[in-house]
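Chains as they are written, first to last, in the numbering used here: chain A, 1 to 485; chain B, 1 to 485.
Source of the hints: derived by calculation from the structure; they are not laboratory data.
Remember, predicted model here, so these are calculated numbers, not experimental data.
Hints may contain errors.
Since the list can't tell identical chains apart, any single copy or any two copies may satisfy a pair.
Said to hold, decoys possible - Simulated pairs of lysine-lysine, DSBU-like, Cα-Cα distance not exceeding 35 Å:
{"no.": "1", "residue 1": "Lys-164", "residue 2": "Lys-227"}
{"no.": "2", "residue 1": "Lys-8", "residue 2": "Lys-477"}
{"no.": "3", "residue 1": "Lys-8", "residue 2": "Lys-422"}
{"no.": "4", "residue 1": "Lys-227", "residue 2": "Lys-166"}
{"no.": "5", "residue 1": "Lys-44", "residue 2": "Lys-319"}
{"no.": "6", "residue 1": "Lys-440", "residue 2": "Lys-166"}
{"no.": "7", "residue 1": "Lys-8", "residue 2": "Lys-19"}
{"no.": "8", "residue 1": "Lys-422", "residue 2": "Lys-480"}
{"no.": "9", "residue 1": "Lys-371", "residue 2": "Lys-63"}
{"no.": "10", "residue 1": "Lys-22", "residue 2": "Lys-213"}
{"no.": "11", "residue 1": "Lys-222", "residue 2": "Lys-166"}
{"no.": "12", "residue 1": "Lys-440", "residue 2": "Lys-227"}
{"no.": "13", "residue 1": "Lys-213", "residue 2": "Lys-39"}
{"no.": "14", "residue 1": "Lys-44", "residue 2": "Lys-333"}
{"no.": "15", "residue 1": "Lys-371", "residue 2": "Lys-477"}
{"no.": "16", "residue 1": "Lys-319", "residue 2": "Lys-22"}
{"no.": "17", "residue 1": "Lys-195", "residue 2": "Lys-164"}
Protein chains: 2
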Amino acid sequence: MDIEEFRKRGYEAVDRICKYYKELDNHNVLPNVRPGYLKELLPKEAPEEPESFDAIQSDIETKIIPGVTHWQSPNFFAFYPANSSFPGILGDMYSDMFGCIGFNWITSPACTELETIVLDWVGKLIGLDKTFLSDGYGGGVIQGTASEATLVALIAARQRVIDKYKAEGLTEEQLHVISSRLIAYGSTQTHSCLKKSTMIANVRFRALSTDEKFSLRGDTIKREIEKDISQGLIPCFLNGTIGTTSSAAVDHISELADAIQGTDVWLHIDAAYAGSALVCPEYQHYLDGVDRADSFNFNMHKWLLTNFDTSCLWVKRRKLLISALTITPEFLKNPASESGLVLDYRDWQLPLGRRFRSLKIWFVLRTYGAKGLREHIRKSISLAKHFQNRLLSEYSDLFAISTEQAFSLVCFHVIPNVKSRKTSNELTEEVYNRVNETQKIYLTHTKLNDQFVIRFVVGSPWTAKEHVDRAFDLIVKITKEAISH
Amino acid sequence: MDIEEFRKRGYEAVDRICKYYKELDNHNVLPNVRPGYLKELLPKEAPEEPESFDAIQSDIETKIIPGVTHWQSPNFFAFYPANSSFPGILGDMYSDMFGCIGFNWITSPACTELETIVLDWVGKLIGLDKTFLSDGYGGGVIQGTASEATLVALIAARQRVIDKYKAEGLTEEQLHVISSRLIAYGSTQTHSCLKKSTMIANVRFRALSTDEKFSLRGDTIKREIEKDISQGLIPCFLNGTIGTTSSAAVDHISELADAIQGTDVWLHIDAAYAGSALVCPEYQHYLDGVDRADSFNFNMHKWLLTNFDTSCLWVKRRKLLISALTITPEFLKNPASESGLVLDYRDWQLPLGRRFRSLKIWFVLRTYGAKGLREHIRKSISLAKHFQNRLLSEYSDLFAISTEQAFSLVCFHVIPNVKSRKTSNELTEEVYNRVNETQKIYLTHTKLNDQFVIRFVVGSPWTAKEHVDRAFDLIVKITKEAISH
Chain A
1 MDIEEFRKRG YEAVDRICKY YKELDNHNVL PNVRPGYLKE LLPKEAPEEP ESFDAIQSDI
61 ETKIIPGVTH WQSPNFFAFY PANSSFPGIL GDMYSDMFGC IGFNWITSPA CTELETIVLD
121 WVGKLIGLDK TFLSDGYGGG VIQGTASEAT LVALIAARQR VIDKYKAEGL TEEQLHVISS
181 RLIAYGSTQT HSCLKKSTMI ANVRFRALST DEKFSLRGDT IKREIEKDIS QGLIPCFLNG
241 TIGTTSSAAV DHISELADAI QGTDVWLHID AAYAGSALVC PEYQHYLDGV DRADSFNFNM
301 HKWLLTNFDT SCLWVKRRKL LISALTITPE FLKNPASESG LVLDYRDWQL PLGRRFRSLK
361 IWFVLRTYGA KGLREHIRKS ISLAKHFQNR LLSEYSDLFA ISTEQAFSLV CFHVIPNVKS
421 RKTSNELTEE VYNRVNETQK IYLTHTKLND QFVIRFVVGS PWTAKEHVDR AFDLIVKITK
481 EAISH
Chain B
1 MDIEEFRKRG YEAVDRICKY YKELDNHNVL PNVRPGYLKE LLPKEAPEEP ESFDAIQSDI
61 ETKIIPGVTH WQSPNFFAFY PANSSFPGIL GDMYSDMFGC IGFNWITSPA CTELETIVLD
121 WVGKLIGLDK TFLSDGYGGG VIQGTASEAT LVALIAARQR VIDKYKAEGL TEEQLHVISS
181 RLIAYGSTQT HSCLKKSTMI ANVRFRALST DEKFSLRGDT IKREIEKDIS QGLIPCFLNG
241 TIGTTSSAAV DHISELADAI QGTDVWLHID AAYAGSALVC PEYQHYLDGV DRADSFNFNM
301 HKWLLTNFDT SCLWVKRRKL LISALTITPE FLKNPASESG LVLDYRDWQL PLGRRFRSLK
361 IWFVLRTYGA KGLREHIRKS ISLAKHFQNR LLSEYSDLFA ISTEQAFSLV CFHVIPNVKS
421 RKTSNELTEE VYNRVNETQK IYLTHTKLND QFVIRFVVGS PWTAKEHVDR AFDLIVKITK
481 EAISH
């Protein structure tokens with residue numbers, strides 16, 4: 001494919017993207033395919049001879065699109081949103097133009113420096129304490145996902161403890177024993193990525209119980225740490241969440257910070273979803289206590305209009321991250337890195353290679369402005385409020401709210417009527433399955449205190465009141481059927 | 001930005017990409033900026049009001065491009081290549097159109113199924129043993145980088161050993177002790193990502209010495225394993241490399257497979273760079289022994305025209321990977337996953353989220369055809385050969401080859417003449433630094449047996465004989481100056 005053919009195909013791709021978003025509301029959000037559908041449609045081997053791009057475009061229409069779950073659809077209310085935007089897509093196009101791999105400063109200075117700058121911009125925008133910014137000892141870095149951010153923070157936490165014992169003169173063998181006694185904590189509501197991180201890093205893990213609002217409290221963690229220390233374990237990491245996956249609950253960060261005072265425990269704050277709401281001053285009170293945390297993470301690719309993958313991680317002492325993750329073989333040595341004047345982001349992450357991802361953040365911040373981003377967040381939250389209001393005002397006989405609406409998430413379940421032979425859990429699960437089977441909207445579920453709960457999350461910039469109302473009407477219709485059968 | 005503005009800006013982005021590649025040869029490959037240059041040019045905070053896209057485009061030209069290292073340039077001979085292509089860029093555009101997050105089958109069936117299919121295509125194309133394909137117990141998955149592929153394989157290796165001891169009835173505390181005794185091996189030439197992976201996973205690591213051709217041999221590893229077992233350690237992982245970072249050396253995979261026979265050691269093959277050459281039958285003999293490995297990885301984003309990030313990992317028993325990396329909280333449960341009929345790639349990787357990356361692999365394979373990919377590899381290798389021939393035939397008084405040319409890499413150093421007061425190392429380092437200071441071409445270096453060595457790697461599809469000749473002439477000119485001063 002030469003430059004002029006690329007121009008033609010590039011224009012066509014842009015047109016196709018426009019068409020996709022114009023028609024997005026007409027598609028079912030869930031696809032109607034069975035496992036293995038694509039294998040039956042494609043050859044068993046790569047072609048020997050080049051094929052024309054027409055053939056590829058045609059296969060996109062007939063073979064790929066029928067099997068896509070439309071995450072950008074206005075009718076997608078599942079998980080948490082992962083919304084992109086046009087400026088974000090353009091950011092990726094420019095990133096792909098350069099195709100640079102910015103692991104060291106010299107491998108693309110603009111790639112490193114723009115990342116430092118926009119992470120400072122975003123940090124300020126969400127009201128993060130200035131100790132997390134790059135001016136002092138801290139700084140931000142783009143990770144692929146919150147999973148990687150959590151793992152990276154855990155590795156730094158572990159290294160800090162090991163280094164302390166090393167400084168006390170322990171031998172390598174003794175350090176291996178220390179290492180096998182480290183323990184990390186989260187709550188029963190913490191995202192599964194923490195448990196996975198501890199499995200990967202080979203650190204013990206315990207999930208602590210929460211209060212009735214699904215928030216982790218200081219006294220719980222204090223008690224646990226004391227017990228574990230008395231039993232010879234070494235607490236090293238605590239995850240606090242702002243906006244849990246199940247119910248968007250917020251842990252009491254201030255209490256957590258109090259509880260670990262004077263210990264070697266690293267406090268990491270996971271605000272993967274709800275962090276985006278912090279662009280609005282009215283939510284920044286959730287940051288109380290975060291100034292005492294060691295690291296903070298949220299995903300711009302969830303609810304802040306920046307395409308996956310832009311998970312933003314800030315640390316208070318970048319030195320700790322770097323010392324835990326640096327290895328410098330000969331081929332990576334270079335004058336700029338040795339000058340000490342530059343950041344080499346390879347030392348802030350798991351992999352070596354990295355893309356020019358700050359471009360899309362930069363494009364999004366500038367195209368929307370802080371104002372536009374706040375409008376987006378407030379609109380999502382008010383649409384969720386509208387959904388909850390209709391549930392409560394029109395059908396309080398059919399539905400109950402499982403937890404208070406938090407951010408743009410509504411958790412609800414179905415109430416059986418006196419004649420019903422089905423339990424609330426059975427009914428809610430049935431409604432949930434039948435709604436998704438229509439493929440018209442997509443919901444996910446969770447369990448809260450053994451209650452089967454439907455989660456309804458608003459986040460797409462394409463979602464308007466009419467979509468929420470249509471989803472509401474569909475849920476009501478199916479619930480009435482389920483109750484009467 | 002509405003749909004019609006995106007169409008306009010999208011066309012402009014496509015035009016800008018065309019212009020970039022038309023002019024790429026006119027740019028210096030290395031930028032002329034000092035650390036901190038960008039901070040002086042950009043505001044300290046995100047804008048409050050939306051800005052026009054004109055302003056962003058203009059900043060790309062005046063502030064970003066001057067700070068970019070041009071990895072796609074025909075004059076980039078550093079590291080290993082990381083080449084993209086137009087079909088690859090188009091693949092990313094379609095991926096961004098969908099913006100789907102394919103962690104479970106149901107979150108986008110096409111995303112999962114196309115990945116399984118194209119990884120089978122690529123596996124067949126490079127001659128991988130059929131036990132690595134998805135038909136049987138194996139299968140392929142796209143990782144972000146070889147670092148992640150190595151870490152994932154290491155985690156699976158560790159879990160296999162732990163599970164074995166668990167089955168023997170060891171307690172959790174005993175398993176912690178076992179875990180602290182695990183050890184992984186590579187050679188002194190293994191990529192630094194292995195050491196980093198062992199740091200992350202908290203597994204001991206030892207780098208073993210190689211033969212005079214920088215290849216790891218079976219007797220070395222056999223001796224080491226026996227010694228470690230006798231000292232109470234538990235060997236669990238061995239990395240063999242096809243195409244090392246420093247000199248593109250190839251370990252004796254068959255010997256490694258023999259050496260670990262009957263042990264619990266997982267054999268992982270890292271062919272990050274050289275794996276691309278395996279699309280040519282004349283290089284497939286390097287796969288001897290790989291049929292006995294547990295996992296195999298190479299990066300299509302290095303030398304096979306597919307934009308970063310497409311690191312392809314195959315495992316022989318996917319069950320082992322999945323059992324080491326699966327966690328299923330309530331919100332990820334769904335009927336398709338529970339049916340057992342589908343793959344959920346979240347269980348094959350570190351993070352939860354993942355992009356639709358198989359599209360770009362599919363586009364590249366079809367647009368070039370197997371034939372076109374082979375031509376690309378053979379052209380790179382023949383250009384490297386041309387460079388080496390000129391070194392040896394025209395200037396054998398100035399230069400010596402440090403190791404035999406391997407794939408598209410030439411390693412050489414400068415020979416001091418009788419009158420020179422500088423050593424070979426001093427001269428070579430001086431030439432290396434002065435060539436890069438011209439910013440016209442980009443080279444990287446390594447050390448082989450304490451010899452400072454310049455690496456010259458060909459890989460860009462834009463690199464023609466004239467670029468290699470120009471680079472050669474520049475190196476000769478600077479070398480002559482360095483020798484005479």
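* **Intra- versus inter-subunit Cα pairing at 35 Å for Lys-371 with Lys-477** => Neither: 38 Å inside a copy, 57 Å across copies.
* Is the C-alpha distance from Lys-8 to Lys-422 at most 35 Å within one copy, between copies, in both cases, or in neither? -> neither (59 Å within a copy, 55 Å between copies)
* When no copy is specified for Lys-440 and Lys-227, does a C-alpha distance of 35 Å or less occur within a copy, between copies, both, or neither? -> neither (50 Å within a copy, 63 Å between copies)
* Classify it for me, Lys-440 with Lys-166: is the Cα-Cα distance of at most 35 Å met within a copy, between copies, both or neither? => Close neither inside one copy (58 Å) nor across copies (46 Å); limit 35 Å.
* Intra- versus inter-copy proximity for Lys-333 and Lys-44 (alpha-carbon distance at most 35 Å) -> This pair counts as between: shortest inter-copy Cα distance 31 Å, intra-copy 44 Å.
* To do: Please work out whether the CA atoms of Lys-227 and Lys-166 approach to 35 Å or closer within one copy, between two copies, in both situations, or in neither?
  => Classified as both; 25 Å inside a copy, 26 Å across copies.
* Asked: Between Lys-44 and Lys-319, at a C-alpha cutoff of 35 Å, which is it: within one copy, between copies, both, or neither?
  -> between (50 Å within a copy, 23 Å between copies)
* Asked: What label fits Lys-371 with Lys-63 when the C-alpha limit is 35 Å: within, between, both, or neither?
  -> between (40 Å within a copy, 25 Å between copies)
* **Intra- versus inter-copy proximity for Lys-480 and Lys-422 (alpha-carbon distance at most 35 Å)** => Result: close within a single copy only, 13 Å intra versus 89 Å inter.
* Could you place Lys-22 and Lys-213 in one of the four classes (within, between, both, neither) given a Cα distance threshold of 35 Å? => neither (41 Å within a copy, 59 Å between copies)
* What label fits Lys-213 with Lys-39 when the C-alpha limit is 35 Å: within, between, both, or neither? -> Cα proximity of Lys-213 and Lys-39: none, with 46 Å in one copy and 44 Å across.
* Intra/inter-copy verdict for Lys-8 and Lys-19 if alpha-carbon distance must be at most 35 Å -> both (16 Å within a copy, 14 Å between copies)
Violated hints for the displayed structure, listed by number in ascending order: 2, 3, 6, 10, 12, 13, 15, 16.
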